[in-house]
Amino acid sequence: MSAPRMAVSAGGLGLKNPVLAASGTFGYGQEYAPYLDPGAIGGLVTKGLSLRPRPGNPPPRIVETAGGMLNAIGLANLGLDEFLETKLPWLARQQTAVVVNLYGESQEEFAELAARLSQAPGVAALELNVSCPNVKAGGMAFGCDPGAVGRVTRAAVAAAGQVPVWVKLTPNVADPTPMALAAAEAGAAAVCLINTLLGLAIDAQRRRPVLANVVGGLSGPAIKPVGLRMVWQAARALRQSHPQVDVVGIGGIMSGVDAAEYLIAGARAVQVGTANFARPGAAGRVAAELEAFCREQGLADVSELVGALKC
Amino acid sequence: MSACLNAKVLANELVGPDVYLLRLAAGPIAAAARPGQFVMLRVAPGDEPLLARPFSVHGVEGEDVLILFQVRGRGTALLSQAAPGAKLVMWGPLGRGFELEAKRPALVAGGMGIAPLGFVARKLEDKGILFHLSSGGATQEAIEGLEKKLGTSLRGRLECRATDIHRLFHAAQEAAELSTSTAPVSGICTSTTMDGSYGEKGPVTLLLKNLLSLPPELRPDAVLACGPLPMLKAVAAMCAEKNVPCQVSLEAPMACGVGACLGCVLPAAGGGYVRVCQEGPVMDAAALDWGRIGA
Ligand SMILES: Cc1cc2nc3c(=O)[nH]c(=O)nc-3n(C[C@H](O)[C@H](O)[C@H](O)COP(=O)(O)OP(=O)(O)OC[C@H]3O[C@@H](n4cnc5c(N)ncnc54)[C@H](O)[C@@H]3O)c2cc1C
Ligand SMILES: Cc1cc2nc3c(=O)[nH]c(=O)nc-3n(C[C@H](O)[C@H](O)[C@H](O)COP(=O)(O)O)c2cc1C
Ligand code: FES
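Line order of the protein sequences matches chains A and B.
Letter 80 of the first sequence, counting from 1, is numbered 80 in this note's numbering, and no numbers are missing.
Letter 147 of the second sequence, counting from 1, is numbered 147 in this note's numbering, and no numbers are missing.
Just so you know, these hints were derived from the structure itself, not from any lab.
Just so you know, not all the hints are guaranteed correct.
Short, incomplete list of chain A residues facing chain B, as computed with Cβ under 8 Å [as the list claims (entries may be wrong)]:
(1) E31
(2) R61
(3) P280
From the three backbone atoms N, C-alpha and C, an ideal C-beta is built for every residue, glycine too.
With the sequences and hints as input, model every part of the structure.
Here's what the structure looks like:
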């Protein structure tokens with residue numbers, strides 16, 4: 001049997017396969033160059049970028065938990081100017097789609113970032129982070145209010161011109177559907193979910209939180225069922241009203257079968273996050289395993305899985 | 001160049017209370033590793049526990065990488081069970097190692113801090129540089145075995161002085177006196193224990209204090225330290241006072257080991273943070289903001 005077709009069209013981009021590396025878990029790509037040629041995956045999403053550099057939260061910032069980890073990095077990043085100068089040129093030379101994750105403290109900042117990044121050569125798409133649990137202003141505060149998600153998205157879409165805008169949603173809501181619909185209505189090419197789930201780790205001996213920030217975002221295999229559920233909810237709603245808007249599934253993907261589950265739940269593409277820490281280059285392995293899964297299933301095209309859930 | 005590979009466990013031997021010496025076959029990592037660099041090692045096959053653990057390279061022998069580790073929690077307990085023949089995912093070498101340009105280096109090890117310094121000691125021996133090692137721990141049991149083990153891994157002799165800490169080293173002359181043609185002295189080691197069961201009683205910084213109060217021409221011209229943060233903080237302050245360059249090997253919880261997660265930071269001098277896995281784990285002590293490092 002011939003090899004299954006792995007190329008997909010998702011969120012306004014043609015991707016060589018539906019597996020991307022998730023924001024904040026793949027640095028600026030170069031960190032993983034000794035372990036994974038970015039050309040082996042459909043795309044990579046860079047660490048959340050703000051207009052000005054951010055030092056991030058005090059340590060400790062991370063702790064391992066059962067089947068996952070908590071992080072409170074606080075969107076530490078080098079800021080837009082430095083990114084454009086020192087990181088983007090290398091990224092632009094890679095044979096993969098470069099998606100820039102960005103974060104603003106106001107609608108205006110989101111728009112300014114979108115405007116400048118969309119002019120930069122090599123940026124395939126923008127991913128708006130309206131869902132970070134680890135910052136005080138913006139972030140999740142935007143992401144829990146459909147009105148704010150709509151406004152921020154509209155402003156970024158207007159500023160980004162031809163460059164597709166993806167919107168990354170928080171799972172820290174009862175139902176992500178209103179946010180997904182608001183983003184779609186405002187012109188997003190895709191909604192991406194999920195970001196991390198707000199959690200707390202306690203050191204019982206010291207009666208203190210483990211993280212300096214007290215709370216942090218939970219990621220890794222432990223959150224996969226939540227991610228699958230939310231992707232399924234969002235995809236079902238969008239299929240009715242905005243069939244042109246894709247869902248990108250994220251959360252706890254460790255293997256090709258995990259990725260297939262997200263596609264079956266309704267995602268057109270997936271992002272691999274924490275798994276990259278567990279094994280450098282995990283996103284490449286997920287892509288290869290997904291192809292093997294399609295072959296085993298006798299599929300001609302990976303897209304046959306999308307939304308194939310029978311229920 | 002760093003590599004990620006499935007490293008075969010060749011040996012995993014108990015060498016002290018809860019301390020193991022692990023030997024892994026990892027040619028590409030062995031070839032590239034420098035003293036002070038570390039590896040990320042998955043402690044068991046499969047996906048559990050989720051994250052790998054960071055360990056300093058304790059030594060390199062041919063194609064083998066040696067790791068000296070202490071059981072601290074779940075991950076290291078699992079690692080202590082790793083049997084010869086098992087394959088563990090490992091990537092490295094990672095981070096920045098020690099600069100070994102000094103003429104009279106003093107190595108300061110607090111407990112397991114001896115892990116990276118063992119590799120340093122062998123490199124210094126190769127370069128023909130006599131070193132002083134101050135080694136401190138809780139009890140005799142905790143450190144004597146480690147010192148002996150380090151001694152046997154050198155070609156020359158590690159002259160251990162449990163008590164006589166005042167007539168200290170260099171005096172290259174002294175080394176010459178102690179050396180015989182079959183066993184030249186490569187380093188001199190003095191010890192402290194918190195309970196006084198071996199060497200001087202007290203923290204390892206006691207020994208460093210003596211070294212730093214030697215006349216300038218005998219004083220160490222570099223201090224290379226590894227141990228718990230409070231100890232490193234004290235070492236950094238003592239060296240700063242005497243204007244002796246000090247390199248510290250740092251620890252922080254790590255997820256990726258390669259600079260991507262930004263989880264492993266410590267406060268930097270002049271504001272902001274440094275990543276222990278990238279800018280460290282070995283750093284000039286002056287590059288850190290010790291005032292913001294709780295000890
Ligand atoms: C660069 C570097 C080099 C290291 N080299 C060595 C070495 O050569 N030999 C050795 O025995 N240990 C070394 N360590 C420490 C080692 O990584 C930890 O002991 C190990 O991760 C603990 O894992 P665990 O699952 O057993 O413990 P856990 O169950 O995770 O935790 C047990 C305890 O260890 C602490 N801890 C967890 N992770 C770390 C960490 N990364 N650094 C410091 N404390 C931690 C926790 O706070 C907790 O108190 C090094 C750490 C770093 C960052
Ligand atoms: C250490 C760390 C840093 C992250 N940083 C960002 C970020 O800057 N922007 C963002 O949108 N998501 C960020 N995320 C969230 C991930 O992109 C992803 O949505 C989440 O971790 C769930 O996927 P996973 O279970 O595969 O890790 C981060 C996650 C981790 C673990
Ligand atoms: S361990 Fe991930 S950045 Fe240092």
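Hints and how they fare:
no.: 1; hint: E31; verdict: holds (4 Å)
no.: 2; hint: R61; verdict: holds (5 Å)
no.: 3; hint: P280; verdict: holds (5 Å)
No hint from the list above goes unmet by this structure.
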